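Chains as they are written, first to last, in my numbering: chain A, 19 to 443; chain B, 19 to 443.
Don't take each hint at face value.
Chain A stretches covered by chain B per the calculated footprint, using a threshold of three residues with CB under 8 Å from any CB of chain B [as the list claims (entries may be wrong)]:
{"id": "1", "stretch": "43 to 50"}
{"id": "2", "stretch": "310 to 323"}
Only part of the chain B face toward chain A is listed, based on derived beta-carbon distances under 8 Å [unchecked claim]:
{"id": "3", "residue": "136"}
{"id": "4", "residue": "137"}
{"id": "5", "residue": "336"}
Keep in mind the hints are simulated off the structure, nothing from the lab. Small disclaimer: the values here were computed from a predicted structure and weren't measured. Backbone N, C-alpha and C fix where the C-beta goes; we use that ideal spot for every residue, glycine too.
2 protein chains.
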Amino acid sequence: MRIGLLGVGTVGQAVARALIERRDVLSRAAGANLVLQRAAVRDLSRPRPLAREQLSTDPFAIVRADDVDLVIELLGGEEPARALIAAALERGRPVITANKRVLAWHGPQLLAIASTRGAELRYEAAVGGGIPLIAPLTDDLAANRVTELHAIINGTCNYILTRMAQGETLEEALAKAQEAGYAEADPRDDVEGVDAADKLCVLVRLAFNAQCTPAQIFKQGIRALDPRDLSYGRELGYVLKLLAIARRSPGGGVEARVHPAFLPADHPLARVDGAQNAVHVVGDLCGPVMFSGLGAGGDATASAVLADLVHVARRLALGDPVPPQRESGPEAQVTPMSEVRTRCFFRLAVDDVPGVFAQITRVLADHQIGLASVIQREPGRLGSAEVVLLTYAAPEQALANAEEELAKLPSTRAIKARIRVEGQK
Amino acid sequence: MRIGLLGVGTVGQAVARALIERRDVLSRAAGANLVLQRAAVRDLSRPRPLAREQLSTDPFAIVRADDVDLVIELLGGEEPARALIAAALERGRPVITANKRVLAWHGPQLLAIASTRGAELRYEAAVGGGIPLIAPLTDDLAANRVTELHAIINGTCNYILTRMAQGETLEEALAKAQEAGYAEADPRDDVEGVDAADKLCVLVRLAFNAQCTPAQIFKQGIRALDPRDLSYGRELGYVLKLLAIARRSPGGGVEARVHPAFLPADHPLARVDGAQNAVHVVGDLCGPVMFSGLGAGGDATASAVLADLVHVARRLALGDPVPPQRESGPEAQVTPMSEVRTRCFFRLAVDDVPGVFAQITRVLADHQIGLASVIQREPGRLGSAEVVLLTYAAPEQALANAEEELAKLPSTRAIKARIRVEGQK
């Protein structure tokens, strides 16, 4: 089984090393002799665990090579990764990828090519790094109707929020994440929720049999968060996480959204700290199930890539046909965010004048938003007071309208935060 | 795909119900029409979701029936379940079972029959109820060398210990567990660690490629535990759990043991409360990974049984041959308990006389056991004091010898507890 490896960065190196160092274990598990035949690299001059003639700077040459049976794509990013995966599948070659971006945006098209050409496309490493997720969701929970999924699938944000919970500002925590190698120099995709939305898109298709593109997923990042919000949350018994959430909505659709959310402190995900990832799924038979572990890192991601490799090689060695895509039944649609119902946390800076509270509660009542908790502190030196409100569940549209009206109240200096609240307390 | 169901108790009923109510979903996932053809029951007079002529009180008749393609064994217990599974496999029929007892004691023999006859034996439901465990350990972590595994796989004991942590005695907590349906009228297999050892045996074979029988697994139950131990543990930063533990030992063997153990309060397993199950595995590539969820219950266990069913039916529908058993490489052996090194918690009732402490520490020093923490309270009315010791890691044999000598000291009234300590603090 001759492998063509596209990309020898952190994960690619870990895969190459494992293919060489634990070749006997992997070959035994696969029931086939696994050989790292060719690799596409950017820089030919750097030392590699392959001979010079096995290397190329042209990944398309590797996809086209006659002595490659199977392609592992670890370049990341949208292009040329998508085109390479498509080209390999078109030639009937199985592809294993860790590329969440390509899967999220082009997954259905690529899976259709795979299906037409009788090749297999596997992507266990695309979500949750070393945590087995894709296979368990696809196979092990097959008998279930999944009702909801809450996931921490961006380690960078979770690392930052864990530090902010200890009082650091976003800037301080981000700098620490960059120092520790948990955040990139350009952290936008992570802190703005783009990465988490790509991954959620992949999970939503699998777990809910929903038609979903990343563009349909509501995204709100962690940029605007203040350590004060985390500290008020703690006072009310909540922990703040960047969550990727999917849930069947009453209308038959599926909610799909990524945003900061308060979770009750005793929720299993509330205790997932630092760069860890975790996915909490509720099935109608299995009940709540949680998978957690390292969501990133060379070796952890390689673990998932190699699991797919063993699977594909094993099937090829046995001569089994590629399983046809499962017939999926009626597909669900993504519910518009405006219809999603959540509880909400508001933090307002207000003038400390009589009647403020009556005005605020009137606005909420006008939008039929119930009030669950309130914190009001004695005003500071400048006559400004801070009010924290925790509401009962209301539609997003009503919450957004209420926020707008609250901002217009003469006594309101600023809406400092509106953060959704998940989980039962 | 005609199914013969052996046993229509709690799990069997849930499986039968799902096969009828979600037949379309399951059939789509399996790519085959799934039909509940026959069922073996104990009592023909009770109402069932099958016609009278589909029922039999003779499970062997169902295994032999010509119109059954696949057998689901949910009788539990050793015999006749083992004989039925063997008989079905001998006839070349795939078998799905939730039977940890049979798997633990007869797994290798039954898998050998399966292999010879080209039938498949699957048992996702045998450990951890609805939590996907067997498939992830077998497939998704295939590239890893697993270094250690800590599991909470007996929900009854975890429920009892969770209540004892709140101050209840074992008897009170056990009564509550029985009331809540978490413990059987005869709870011996659960509270004595027999059930957990059976399950651990199955996991150890898969995760460590070790030869293992339940008889080789060290077992200590929760009978002797006192709420005082849990409360002292809490004071030192630990939580008490009944753990199933496997770990590669320096000599090349594999430790396999079930006993109460203190875990640091921030260990992921320390937060697994009530009747939940969880398995925490460390692989050399994937790092620590945890799976958690409901370890028992009709629907949760049915979820796992049906995942196996979909898998087998899908393979049969595609005409794929049964994958041969994986070549396993050199098998590890279970390390004798006397060689296992652990830290230990001792609780002693002693006379409050001068020199007691010097005697105790001398005994430990004689056995080269280091002392990490000590709690000594002011003596009670009867001149008896309580001493709690936390040691550094030492071989089981040394700890047992030290315990024996401590018991013989003239100032020792009783060794109230010796409890092993797991996890780094």
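Hints versus structure:
1. 43 to 50: Since 5 is at least three, the answer is holds.
2. 310 to 323: n = 9 at 8 Å, threshold three: holds.
3. 136: violated, 12 Å
4. 137: violated, 16 Å
5. 336: Holds, about 6 Å.
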